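Engineer: In case you want the letters, here they are:
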Amino acid sequence: MLYPIRCFSCGALLGDKYEKFNALVKKGVSPADALDRLGVKRYCCRRMILSQFSVLDKLLPYSEAVTELREREEKEEGIE
Amino acid sequence: MPASIISKDKDSIRLRIDGYPLSAVNALRRYAMSEVPVLAVDDVVIIENSSLMYDESLANRLGQVPLRTPRKYLDAGEGQVMLVLDAYAEGGTRTVYSSELIAVEDKEVKPVSGEIPILRLTKGQNIKLEAYARLGKGKEHSKFSPTSKSVVKPTPLVVIKNKNPKNAKAIVSSCPRNVFAIEGGELVVKDQYSCTFCMECLKVSGDIEIKETPGSYILDIESIGQLDPDVIALKSAEILLRDLDEFNKAVDEL
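Those protein sequences? They're chains A and B, same order as listed. Quick note: the first sequence uses the numbering used here, first residue -6, plus one each step. Quick note: the second sequence uses the numbering used here, first residue 75, plus one each step.
Hints were generated in silico from the structure; no laboratory data involved. Hints are supplied without guarantee of correctness; some may be wrong.
[As the list claims (entries may be wrong)] Quick list of in silico lysine to aspartate or glutamate cross-link-like pairs, EDC-like style, CA-CA up to 20 Å:
| no. | chain 1 | residue 1 | chain 2 | residue 2 |
| --- | --- | --- | --- | --- |
| 1 | B | Lys181 | B | Glu204 |
| 2 | A | Lys19 | A | Asp29 |
| 3 | B | Lys235 | B | Asp281 |
| 4 | B | Lys323 | B | Glu312 |
| 5 | A | Lys13 | B | Glu312 |
| 6 | B | Lys213 | B | Asp116 |
| 7 | B | Lys202 | B | Asp116 |
| 8 | B | Lys146 | B | Glu109 |
| 9 | A | Lys68 | B | Glu164 |
| 10 | A | Lys34 | B | Asp83 |
| 11 | A | Lys34 | B | Asp265 |
| 12 | B | Lys197 | A | Glu67 |
| 13 | B | Lys223 | A | Asp9 |
| 14 | B | Lys146 | B | Glu179 |
| 15 | A | Lys34 | B | Asp294 |
| 16 | B | Lys197 | A | Glu61 |
| 17 | B | Lys197 | A | Glu66 |
| 18 | B | Lys184 | A | Glu67 |
| 19 | A | Lys34 | B | Asp85 |
| 20 | B | Lys211 | B | Asp317 |
| 21 | B | Lys84 | A | Asp29 |
| 22 | A | Lys13 | B | Asp317 |
| 23 | B | Lys84 | B | Asp304 |
| 24 | A | Lys19 | A | Asp9 |
| 25 | B | Lys197 | A | Glu64 |
| 26 | B | Lys197 | A | Glu57 |
| 27 | B | Lys223 | A | Asp29 |
Every value quoted in this text rests on a predicted model; they were computed, and no experiment measured them.
Chain A with its partners taken away, still in its complex shape (with noise of 0.2 Å):
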């Protein structure tokens, strides 16, 4: 759902790269260059970051809106 923690195939450590990857891609930098920056040698770990999908960010509002739905819901019984 969430960003791999370790690469599937030789277990070194990504968790904390991709929003550091995501950044440097937004400021313009090269996907490439940004990995070479980052340290990601390997073309396993490479494409661990570059097909990195989160579905989680996908999901996150339709619970955000349940989340708000509920509370005004809990609100209205209140005022009943």
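Put chain B on the given structure of chain A with help from the hints.
Structural biologist: Chain B only, in chain A's frame:
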């Protein structure tokens, strides 16, 4: 000296080992991967979890967070540490990072990096859990492995037969590992240990010879961060010797 350090930095070490057979060096490599113990979260007691992530995947993620393992646990050969994670999203959506995973008693035990996202909470969601880390070995589960890379290769011997070949520049650019360089108009070997025996340079020029140094191997260890790379190398040798002693004793008793 049979072993010498070629290069060493924060998370990797490269050793040249001379005078031992490949099987011995390979044993060292395998021991570094699967016999050197490190701490990792193994049991998780979830007290509250109203996040979108299932308890199981949360526990799986916690297990993968590498924990800095102090030397005393290695020497003792066993150990258990309790960590707690208590997070609540008051305002909007927020990410819970590994820096919030805190050891209760031993403050030396902490995640290798504090910036690992563990899960994401939206408004009103909270998470409360106890995680029990214990010492384990890589052969049991790869989360207990201290190395991400543990490789042995023969020591390359790059010989330049003619120092002024016609296509020196083509030779330099043919090598994907930048083994060659041109210094003062002459072709020189800059970093022969980086050679991977790909033989690309031989396709360009007949003036180069690549051989293996007999009885010499390079052991390359990269640490994930739980232990320093030199500690992993030393400890793997120590455990290998201990196991061989035990084996000897068992054979003597037969």
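Engineer: Given the hint that Lys13(A) pairs with Glu312(B), test it: the Cα-Cα distance must not exceed 20 Å.
Structural biologist: Violated, because 38 Å separates the two Cα atoms, which is more than 20 Å.
Engineer: Holds or violated: Lys34(A) with Asp85(B), Cα cutoff 20 Å?
Structural biologist: 13 Å, holds
Engineer: Starting from Lys34(A), check that the Cα of Asp83(B) is at most 20 Å away, please.
Structural biologist: Given that 20 Å is the threshold and the Cα spacing comes to 15 Å, the pair holds.
Engineer: Given the hint that Lys19(A) pairs with Asp9(A), does the C-alpha gap stay at or below 20 Å?
Structural biologist: 17 Å, holds
Engineer: Below or equal to 20 Å on CA atoms is what counts here, so check Lys146(B) against Glu179(B).
Structural biologist: Given pair Lys146(B), Glu179(B) holds - Cα atoms ~15 Å apart, limit 20 Å.
Engineer: Going straight from one Cα to the other, do Lys213(B) and Asp116(B) come out at no more than 20 Å?
Structural biologist: Distance ~15 Å between Lys213(B) and Asp116(B) Cα, so the pair holds.
Engineer: Does Lys146(B) pair with Glu109(B) here, judged by a C-alpha cut-off of 20 Å?
Structural biologist: 17 Å, holds
Engineer: With a cut-off of 20 Å on the C-alpha distance, tell me whether Lys197(B) and Glu57(A) pass.
Structural biologist: 7 Å, holds
Engineer: CA of Lys211(B) to CA of Asp317(B), is that 20 Å or under?
Structural biologist: Holds - the C-alpha atoms of Asp317(B) and Lys211(B) are around 15 Å apart, at most 20 Å.
Engineer: Given the hint that Lys19(A) pairs with Asp29(A), does the C-alpha gap stay at or below 20 Å?
Structural biologist: 16 Å, holds
Engineer: Has the given pair, Lys13(A) with Asp317(B), been kept, meaning a C-alpha gap of at most 20 Å?
Structural biologist: 43 Å, violated
Engineer: Could you grab the alpha-carbon distance between Lys202(B) and Asp116(B) and see if it respects the 20 Å cut-off?
Structural biologist: 17 Å, holds
Checked against the numbered hints above, the structure breaks hints 5, 18 and 22 and satisfies the rest.
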